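Sequential numbering from 1 applies to the sequence shown in my numbering.
Source of the hints: derived by calculation from the structure; they are not laboratory data.
Owing to the predicted nature of the structure, the values given are computational and were not obtained by experimental measurement.
There may be inaccurate statements among the hints.
[To be verified] Calculated pairs, DSS-like style, for lysine-lysine (alpha carbon to alpha carbon, straight line, at most 30 Å): (1) Lys-250 with Lys-209; (2) Lys-387 with Lys-446; (3) Lys-140 with Lys-406; (4) Lys-469 with Lys-164; (5) Lys-62 with Lys-379; (6) Lys-406 with Lys-54; (7) Lys-446 with Lys-165; (8) Lys-70 with Lys-387; (9) Lys-379 with Lys-54; (10) Lys-57 with Lys-209; (11) Lys-463 with Lys-165; (12) Lys-387 with Lys-227; (13) Lys-209 with Lys-54; (14) Lys-209 with Lys-251; (15) Lys-427 with Lys-140; (16) Lys-57 with Lys-232; (17) Lys-403 with Lys-57; (18) Lys-446 with Lys-403; (19) Lys-140 with Lys-165; (20) Lys-62 with Lys-403; (21) Lys-446 with Lys-209.
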Amino acid sequence: MVLVDLVVFWVVLLSVNIFLSWRARSRLNLPPRPPSIPLLGNFYVFMSNRPIYKVFKELADKYGSIFSLKLPMGRFVVLSEVDVIREAFLHRSEDFSGRPYMYSVSLMTRNNCGIAFSDYSPSWRMHRRTTALAIRRNMKGYNCMPTSAKIQEEVAQLNKLLSKKDGMYTDISTELNLSVLNVICDMTFGQRYEITDTDYQQMLDCNSKFSAVLEPGDPIDIIPALKIFPSKKLRIVQEIIKTRDSILQKKYDEHFRTFDSNNIRDLTDAFIDTMLESNNDDCESVLTEDHVVMAMWELFVGGYEATYKSLMWAIIYILNNPEVQDQIQHELDENIGTRLPLWDDRHELPYLEATILETLRCSSFSSMNGPRRTRCDTKVQGYDIPKDSTVFCNLWWVHHNPKYWKHPMSFRPERFLDEDGKVFTPKSFMAFSIGRRACLGENLAKMELFMFLGGILQRFQLKTPAGEKLPDTEPMPDMMRSPNLFKVQITSR
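Put together the whole structure using the sequences plus the hints.
Here is the structure:
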């Protein structure tokens, strides 16, 4: 009898709790959402064959600039306009600074020891702050060669490789790939590669697989219980971890064994130095070996692929708009002559810089921001956003919304130039996101793109021969908006 009474008590208590929770939720002014189906909610949204950013754009047309989705793992909120995103990520930045837990990501990041995918915490704040400082110092040449000098060396090496294809109509993706990756590897652990190096080939394979598992809406992340079943995604994740650790862990071990605080050779040394300092009792948080290796990995993943694919996009747009190439080359010839352009030259080369910004807008490589998590109950545009909601921004639509951009599907670098011909960045440009989770590598990416594109166009004329098809300006059907491979005719100037 006592057991029956106890069961009845807990059933009643649970029922009351569910009822009170439902009543509290029903009183909230939640963002509108499409109809859901039992158990799965709006999971069907992610089952479309079309890119998710286009699906979200159509939902925004119907439900507004802020709408929600109900999923087994919780509530998703999607932001689609500039004022909404700025209110959330700038004016309420602390509320929206978390990261949602994703099982697949936690495996790859050694239980969230990185920066990009880790949740907000004192350790995360310290890790982000020290990593940002290390990158700034490295770029300025604090105890090492300035980043601009390293990029300049790689541009010179790239031009040597491209000169071997002078006059040919050919694919140059391999040469671009190698050069961009060498900048990141040299900065991170002081090594550059040749095309035939095994580690280079393995890193490319690892990065390609990583891009494949980034798509939102994977069942294993939406329904965590599925992790007990074998899946293709988990197999790929394990392959990524194995390849990454075989390379980066080895680099870390070599650096730690030869570390000298009086001779900081590269970013890995800078991270190790910070880790050792954090072990002091006065530090608010301790950084570990896992934090250092994850910082190395995120620099590689974030710093390499975005820059490489954006450079590919820049060439695609230039081939489709040859007048842009003419203007850049005229600017280069008039202002810096025959020497390779440096980042410090950007004030003399505003059209080149504007071309980089327009490339980032048109390509919208990061079509969706990395998902954020609300750390408390909050509001946006009068709507209630409950704690632990997962929040996405449709950056592709922000960059292609005619409300903010005249003729948004056209490639027009001049839209980033004011009446005096100086570069300006409108609030609707969010290629690197905004707020507390904005990309740490923004300045590095802009510097690389500026110097690589400027260095190539200073030396070569790029074109598509008569009778050949222009490169496709439509991306591959993935969230990362990867460019399709193309051929280009390279001729020395």
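Task: Non-conforming hints, listed in increasing numerical order - done: The structure conflicts with hints 2, 3, 19, although it agrees with all the remaining ones.
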